[in-house]
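Peer 1: Residue numbers (my numbering), protein chains in the order written: chain A, 42 to 570; chain B, -11 to 206.
Think of the hints as simulated: they come from the structure by calculation, not from any bench. We put the beta carbon where it would ideally sit given N, CA and C, even for glycine. It is possible that some hints are incorrect.
Stated by the list, open to error - In the DMTMM-like style, the derived pairs of lysine to aspartate or glutamate whose C-alpha atoms are separated by at most 20 angstroms in a straight line are:
| id | chain 1 | residue 1 | chain 2 | residue 2 |
| --- | --- | --- | --- | --- |
| 1 | B | 190 | A | 521 |
| 2 | A | 53 | A | 440 |
| 3 | A | 157 | A | 192 |
| 4 | A | 172 | B | 187 |
| 5 | A | 172 | B | 178 |
| 6 | A | 179 | B | 178 |
| 7 | B | 112 | A | 259 |
| 8 | A | 484 | A | 373 |
| 9 | B | 190 | A | 95 |
| 10 | A | 484 | A | 473 |
| 11 | A | 172 | A | 49 |
| 12 | A | 379 | A | 483 |
| 13 | B | 152 | B | 19 |
| 14 | B | 180 | A | 521 |
| 15 | B | 86 | A | 95 |
| 16 | A | 120 | B | 90 |
| 17 | B | 86 | A | 439 |
| 18 | A | 456 | A | 403 |
| 19 | B | 112 | A | 193 |
| 20 | B | 190 | A | 98 |
| 21 | A | 476 | A | 403 |
| 22 | A | 469 | A | 373 |
| 23 | A | 491 | A | 192 |
| 24 | A | 175 | B | 69 |
| 25 | B | 160 | B | 90 |
| 26 | B | 190 | A | 483 |
| 27 | B | 190 | A | 449 |
| 28 | B | 180 | A | 483 |
| 29 | A | 476 | A | 449 |
| 30 | B | 180 | A | 163 |
| 31 | A | 476 | A | 439 |
| 32 | A | 188 | B | 90 |
Said to hold, decoys possible - Okay, the calculated beta carbon distance ranges per label pair:
| id | chain 1 | residue 1 | chain 2 | residue 2 | range |
| --- | --- | --- | --- | --- | --- |
| 33 | B | 30 | A | 192 | 48 to 58 angstroms |
| 34 | B | 56 | A | 522 | 35 to 45 angstroms |
| 35 | A | 371 | B | 162 | 21 to 31 angstroms |
| 36 | A | 123 | B | 95 | 46 to 56 angstroms |
| 37 | A | 372 | B | 95 | 30 to 40 angstroms |
| 38 | A | 387 | B | 193 | 54 to 64 angstroms |
| 39 | B | 16 | A | 262 | 27 to 37 angstroms |
| 40 | A | 123 | B | 94 | 33 to 43 angstroms |
Letter by letter, the chains look like this.
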Amino acid sequence: MPLAETQEFLEKDPKKFGVGSEAVVSPDRIAEVARDYRKQNYFLECLTAVDFAECFEVVYHFNRWGASERTCVKILVPKDVNQAPSLASIYKSADWFEREIYDMFGIIFAGHPDLKRILLPESAEIFPLLKSFKGEPKGADVVQSLKLIEEDARGFGARLQGAGLEEAPTGDYYLNLGPQHPSTHGVLRVLLHLDGERVLSGEPIIGYSHRHHEKMMEIQNYLACWPNFGRMDYVGAMSYNFGYALLVEKAMGIRPSPRVEHIRVLTTELNRITSHLLWMGTFLLDLGAFTPFFYCFDDREQILDILEMATGERLTYDYFRFGGLDRDVPPELVPATKAFIPGFKKRLKDYHGLVTKNVIFEKRTRGLGVLTKDQALSYGVTGPALRACGVRADLRRDEPYSIYPALDFDIPTAKDGDVYSRYLVRMKEIEESLKIVSQILDKIPAGEIKTKTPKNVPRGEYYSAVEAARGVFSLYLVSDGSLNPYRLKARTPSFSNLSAIVEMLPGCLVSDVVAVLGSLDIVLPEIDR
Amino acid sequence: MTPGPSLQHDPKYLDTQSPAPGVANLFRVEDVLNLARAHSLWPLTFGLACCAIELMAGGASRFDLDRFGFGVFRPSPRQADLMIVAGTISRKMVPCIKTLYDQMPAPKYVIALGGCATAGGPFKYPGQYGILEGIDKIIPVNVYVPGCPPRPEALIAGILELQKQIKSGNAKGVMSPAAVDDAQDARPAEYKNAMSRAEHRKLLLTPPTPAPAAPTQG
């Protein structure tokens, strides 16, 4: 169906709005539109809803690998109908997105295979992102926590969620991995259906780190939202700063000075290296290799020292500001970074010698947790996990922002889509980031680090996306022109990446589950938000 | 032979006076046990959010918790006697934390690491629906470490403080004094009402009137 013939159609300037066009279609035709996009190899990048007085707007963002061609399609769901068709049979990624919308807005998706709460506890009675939800009374946190403890004692939270318990082969059983498990990288729970040591299926259960970022950002002004982005993905917080800065700068129509752009890219790439180092250390720790953890943290601490010089923080950076930075970098930062690089390059060689060519490691990870290109498209997988399937997709090249077009770097890919490939891609990305850092160091121009900004974000709907350490991080903002966002949706990469794990787990051994989980490089508070 | 000064019940004695005067010294068994407990804390491998990364950094190279004898992280609560609550406590996670605490053998100690575990941290706002504002509302806490996140040095200071508490025989921990039925309504005014979509679109599609340019420093 040509979108131009729909109810409302708008051509938009992608440089300003992040999308090339926007269309409103009737709810009964959205499945047709989605099937069309699926055939043309678009993936469902983001799916969310906005609560208006007379109706809900369910907003779909489709995009494709390679040069970005993002389209926004909306359907209007009247409040009295409160029902929309599910796309879960067309895009697997819609499964979790729709559950999240149900959880937050109470919109029913007809035809969804298993519509239940995803972030809030099963027994929750609220739909928090509705505008009619005005917060809970003081003290409700204790009351509700005690209620949840009591429910848990009665076995409420432990209820098995596998449906086919009766007809499954004999000797099988269910095992909860998490939410407290040293190898789940936070508070993830995976409900494993096992036959002996062999995994029949695994279902991730999330929401144990839900920190109501999106509701919180609706009641605070734009400037006060910065700490939220430092804490969503605390391991690679600089990319999240970048995404939010780009979003608001696009909307306000301002551009930071070249000095700011250079420092932003420098700190983001250094942060990407620390993120990958942390991943490498913990991933190998999960596989039973203890020493790399200490090596990686040793290198990571040195980069944290450099970033601390610039930002004053070690972890949850709130360094960027609209059109600028919180503060300038000190003069000793450049020499310190230059001094760090040669030693780190030597260390990388050690890593390749000790781990990449390690026979035990290879045997353990090759051919494990394979993700095909088609599955990656269907689940909306992005980032290193996607590039490990052989897809050369990276927003720093595909939808160039900041000074990335002027920089010389490669996009590493691997072809097998298994755990080993994901390892290789990240290791090569560390080298590429280091390449970017070395290019910038000598070229940071002088200039202002703050720009005059308008007070308000103009009314409108804006979208921005950046390549974070784990994949595409994008933001969808509906602004009503006031001091705080009307709706700010954060599309986080690990959310979609983790949903694809149901395709990778069947057939694994229990000990391989942690290898597959580790290879995805998930950060739970980013998934649960 | 004079009796050892510990009979006068000086908790600092064991730590400060070494070697003690006298041929044989007498101590209360409890004091000796506390000394052993304080120097062999086994923390539970347990992380909730951002602070867990600093906890890991504390255990890794450079900060090296092992220097103080508390780097033996145990993945099972049944082998641990120190729970470091590192991160935001979402309500969905509360039953799991309570279960873990109950599974730890006594004597057991709790450190609330960071703002969230102490009192909700940056995620506390009037009317919040997702988190529990402070772990001390469900389990007793020995030491609070401020910061968002605290640096590993702050964690080390927190554990050293806990050691002091244990050695003084006074490591009971405290629950929050906040009453459970403190249910007065404290909703803020900033919650927005739903706006009309039709009006939003209308304003969006009409060309904006040139607003008086009043740029402010951002």
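Peer 1: Starting from the range 30 to 40 angstroms, see whether the pair residue 372 of chain A and residue 95 of chain B falls in it by beta-carbon distance.
Peer 2: Violated, at about 52 angstroms.
Peer 1: Has the given pair, residue 180 of chain B with residue 483 of chain A, been kept, meaning a C-alpha gap of at most 20 angstroms?
Peer 2: Given pair residue 180 of chain B, residue 483 of chain A is violated - Cα atoms ~48 angstroms apart, limit 20 angstroms.
Peer 1: Sort out whether residue 373 of chain A lies within 20 angstroms of residue 484 of chain A, counting only the CA atoms.
Peer 2: Between residue 484 of chain A and residue 373 of chain A the Cα gap is close to 15 angstroms, so the pair holds against 20 angstroms.
Peer 1: Could you grab the alpha-carbon distance between residue 469 of chain A and residue 373 of chain A and see if it respects the 20 angstroms cut-off?
Peer 2: With Cα atoms ~28 angstroms apart, residue 469 of chain A and residue 373 of chain A exceed 20 angstroms; violated.
Peer 1: Does the alpha-carbon distance linking residue 476 of chain A and residue 439 of chain A stay inside the 20 angstroms limit?
Peer 2: holds (19 angstroms)
Peer 1: Holds or violated: are the alpha carbons of residue 172 of chain A and residue 49 of chain A at most 20 angstroms from each other?
Peer 2: violated (25 angstroms)
Peer 1: Keeping to a limit of 20 angstroms between CA atoms, is the pair of residue 190 of chain B and residue 521 of chain A held or broken?
Peer 2: With a Cα-Cα distance of about 12 angstroms, the restraint between residue 190 of chain B and residue 521 of chain A holds, given a limit of 20 angstroms.
Peer 1: So does residue 123 of chain A sit 46 to 56 angstroms from residue 95 of chain B, Cβ to Cβ?
Peer 2: This hint holds: roughly 53 angstroms between Cβ atoms.
Peer 1: Is residue 190 of chain B within 20 angstroms of residue 95 of chain A, Cα to Cα?
Peer 2: Since the Cα atoms of residue 190 of chain B and residue 95 of chain A sit roughly 14 angstroms apart, the hinted pair holds (cutoff 20 angstroms).
Peer 1: Keeping to a limit of 20 angstroms between CA atoms, is the pair of residue 160 of chain B and residue 90 of chain B held or broken?
Peer 2: holds (15 angstroms)
Peer 1: Please verify whether residue 86 of chain B and residue 95 of chain A have alpha carbons no more than 20 angstroms apart.
Peer 2: violated (43 angstroms)
Peer 1: For the pair supplied as a hint, residue 476 of chain A and residue 403 of chain A, confirm whether the alpha-carbon distance does not exceed 20 angstroms.
Peer 2: Not satisfied, since the Cα-Cα distance of roughly 27 angstroms exceeds 20 angstroms.
Hint compliance for this structure: hints 11, 15, 16, 17, 19, 21, 22, 23, 24, 26, 27, 28, 30, 33, 34, 35, 37, 39, 40 are broken, all remaining hints hold.
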